[in-house]
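For the protein sequence lines, the chains are A and B, in the order given. If you read the first sequence in our numbering, its first letter stands for residue 43, the second for the next number, and so on. If you read the second sequence in our numbering, its first letter stands for residue 497, the second for the next number, and so on.
Hint data in this document are derived by calculation from the structure and do not stem from the laboratory. Mixed in with the good hints, there may be bad ones.
To be clear about the criterion: a stretch of chain A counts as covered by chain B if any three or more of its residues have a C-beta under 8 Å from a C-beta of chain B, and this derived list gives those stretches [as the list claims (entries may be wrong)]:
no.	region
1	54-68
2	207-216
3	238-248
4	293-301
5	344-355
6	384-396
Have a look at the derived ranges for each label pair, beta carbon to beta carbon [claimed, not checked]:
no.	chain 1	residue 1	chain 2	residue 2	range
7	B	Gly508	A	Gly191	42 to 48 Å
8	A	Asn156	B	Glu632	25 to 31 Å
9	B	Gln570	A	Ala317	26 to 32 Å
The C-beta atom is built at its ideal place from N, Cα and C for all residues, glycine as well.
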Amino acid sequence: MPAVSKGDGMRGLAVFISDIRNCKSKEAEIKRINKELANIRSKFKGDKALDGYSKKKYVCKLLFIFLLGHDIDFGHMEAVNLLSSNKYTEKQIGYLFISVLVNSNSELIRLINNAIKNDLSSRNPTFMCLALHCIANVGSREMAEAFAGEIPRILVAGDTMDSVKQSAALCLLRLYKTSPDLVLMGEWTSRVVHLLNDQHMGVVTAAISLITCLSQKNPDEFKTCVSLAVSRLSRIVSSASTDLQDYTYYFVPAPWLSCKLLRLLQCYPPPEDGAVKGRLVECLETILNKAQEPPKSKKVQHSNAKNAILFEAISLIIHYDSEPNLLVRACNQLGQFLQHRETNLRYLALESMCTLASSEFSHEAVKTHIETVINALKTERDVSVRQRAADLLYAMCDRSNAKQIVAEMLSYLETADYSIREEMVLKVAILAEKYAVDYSWYVDTILNLIRIAGDYVSEEVWYRVIQIVINRDDVQGYAAKTVFEALQAPACHENMVKVGGYILGEFGNLIAGDPRSSPLVQFNLLHSKFHLCSVPTRALLLSAYIKFINLFPETKSTIQEVLRSDSQIRNSDVELQQRAVEYLKLSSIASTDVLATVLEEMPPFPERESSILAKLKKKKGPGAVSVNELEEGKREGGELNGGGERGGDSSAIAASNASTPSPSADLLGLRTGPPVTAAAPSAGSLLVDVFSEAGVNDDGFLSSAPPTVVSEDPAPPLPESNELLNKFVCKNNGVLFENQLLQIGIKSEYRQNLGRMYLFYGNKTSVQFVTFSTTVTCPGELQSQLNVQAKPVEPLIEGGAQVQQVINIECLSDFMEAPLLNIKFRYGGALQNLTLKLPVTINKFFQPTEMASHDFFQRWKQLSQPQQEAQKIFKANHAMDTEVLKAKLLGLGMALLENVDPNPENFVCAGVIQTKAQQVGSLLRLEPNAQAQMYRLTLRSSKDTVSKRLCELLAEQF
Amino acid sequence: MMHFLLLFSRQGKLRLQKWFLPLPERERKKIVKDMTTMVLARKPRTCNFLHWKDLKIVYKRYASLYFCCGLESQDNELLALEILHRYVELLDKYFGNVCELDIIFNFEKAYFILDEFLMGGEIQETSKQSIAKSVEASDMLQETMEEYMSKPAF
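Whenever a hint applies, use it, and build me the whole structure from the sequences.
Written as structure tokens, this is what we have:
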């Protein structure tokens, strides 16, 4: 047992700890602990009152036992007793116990709060600090309720000691983060800002964390901090390393404070006051200059502290995104770091460049480092650095270098670490699609992807290549040829078989003219893989076979032979057996016409954004996604991934086809509709017959489906509902939603703050919908912002018929969300339940306002408070066609002002949103950059929420 | 803001755990497990940063102990490394050539020193002198040695 170094070692505790360390096994340890627990329990329960020291010692032992990972269910009371001890160490141990073993036992919390209250009012700074620490450590709502009023007073009181101020500032920050509603802004807030000027560096360091957090939430109230922060920063940056005494860290003056000041400035746009801005730019330049100076010490602490400030300064430069000169310097500096011998700096440089790549000013500068980054991907020994390199390549990719980057990423994949392969695959797939100029390159890339990293190719990826091939007839022949060749490899990945089966089943005819890929050769090739595949793939192949019978009648007998074999028709897997039986019957009973109808080529998929992005985002977690990806992710509006879509589609069908066990495996069947749904009556009844004849299952296939398990509660909104909503921001009429059963059309008109919407529900099937009902609800806040009344709708919709519903809308005040439309009906006995977002968005209540250039800019300037403005910079989603842009902006409802902006490329609009409560004037400016394929969108409104919402809505439109 | 700070040995034994956000016990155990396996698996001379869920992990090894903290995405990694270093310096100043055993046997002191330095996951005081002074001051508030020696061991 080592000598207790200092202070009041507790001998009993030291003995106990060393006993535990001497235990040879886990069992011995548990035994020793149980013995100790029994001992402590008896002491606590004993008749003799324990003195403070013993109580402290036992509480400390309990704490030790807890920290070893054992449960502690007593001793809380004794710990609370220690809080009111006059001996500092007893109090301190009491507080430590409470902080570590928070207990929500309300009785105890009251006692704890009492003790804290006493200490806070003791005016003894050490006791006050202990109490503040306890509040910050526990940070519960009860504590916030008890002390959120008191702590600001302590913080700004003139006679509070510096050390207490430091604790109070951070304690308040903690409470503000848990319960912002309980920390009320008031007179103290302005005095907090002035703590930035405090003499004591420790006070400034602690206070600035609080100020930063408060500024993020209430930028306006705290905006005076900008100039204070700039002058403080400037004093530090220009000081000699000796000026700040103990706040100089390895020759770097106040690195923590400097970084926090730079972080605080990132809550605000660039300072408007020229002098302040000049001073700040000077600071940033000094920081960049210092990076070039020789180091004052060889210690890594020196360079870390110095570079920490440098990286924070670069973050601020990127945040401002307005000083091309500084941006390029930042980029060059990072470029140097890319080749630095410190791994940490290479890592951070790669990470930081990712954000620089999304700025239009520095995107090109970042691109010049492509070779270094590719080299890093190939040669870095540390996988986390390689991963950053891959991220950066992804971020710097554009049309000009896509082929190079995709090729490098593909070749890296062959040797990439298993941990990052899936992500790499997603990235390659996204880039290949995004920058595909010719789609044969895209098809090659994805097939290569499957060849190299088949195991990591998720469903989304291969669904997507199929969607694209189906939708683009110029690439179908090429895809068929390439996949046919790929399948010839002796060992090819199952995902390749899936893509091959699907594509040849659809487009095999396009290459059937070549005798080397005649129908029978194609079939034999596919079938040679059959036995190596899993059930879902086999199911897909069976569907491909029946498609072959339709495409190539000459293969019919061969395929029927295969279907008829025992291994198919008597397969133990019910899905495979069912398919074999049905397809065999279908091929022998149905006429060629029926067959051709049922097995018609897949219709194009509705155009939508790639679902792979969403998957990537989900995989990486919100914090790890670069700005660029987030932007794109948002544009997607949380779209479902491919698998989910399938789920969405199939839920409607699963209701009428409860016997399909694995809908996810079913590509052809479910997607085409006819073979399973009742859309084609002849096929439907035929299938029913086939089914009962086969005698596999007594349940009817379609009409007598068993009662379903779909819940009666309104379904959650469809995942694609945001995307559907976005379609209607700039237009009022169109098809809102469509699936195999139902189509919903929409027509709407708006005047002032009122609107009327006509919904048309069309039954696409030949079977009537019964108990059809719809409800429109305004969730949450929306209730008080929008008044929506829906007229009742006919409960019955005949097959092929359409009914209409009128909805009246009144806008009471500005709003963010959309009303929800829930639709329920029974189709063939199965309850259908779906919820959509009704496309009522704030811009519908715009009145256009014409104005002259002079007026526009005058108003623009009037709306100059930072929160009145919302801005977004984003990549163009569609072609940047002036006429299309104009049409969209007009559709938005604002007046499109000609000859106002000095740059004729830019668009400016003005309008007033009419709500019952108030009118909200809004101005818009859209600046396209055709070269970078980017837009900058700026909105200014008299109301901050309106700017924000409009900006969100519009960023999805271009 | 820092979410947690963990000290663990090369064998993966946890020596100190500080949570700046209230987390259920189960989640804490999961984090400890993930951190120890992730960090201990790193090869020498790799970088000190990792991504884990939406947190940045910064770690550094001092002798037999790993110091490991979880940061939010906007926090500065290099500065976090220096937070770890400053904490080591503070322990060193207090214990005099600190070693793992000091932290095992005086775990409560290690917590107290940390509390003087960080609060709610933010830096409270960076001056080594000020922190050392307040830790010393609290030691002065204790019983005399005689008082201590006269107490029973059990």
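Status of each hint after checking the structure:
no. : hint                               : verdict
1   : 54-68                              : holds (count 6)
2   : 207-216                            : holds (count 6)
3   : 238-248                            : holds (count 4)
4   : 293-301                            : holds (count 5)
5   : 344-355                            : holds (count 6)
6   : 384-396                            : holds (count 5)
7   : Gly508(B) to Gly191(A): 42 to 48 Å : holds (45 Å)
8   : Asn156(A) to Glu632(B): 25 to 31 Å : holds (30 Å)
9   : Gln570(B) to Ala317(A): 26 to 32 Å : holds (28 Å)
In this structure, every one of the numbered hints holds.
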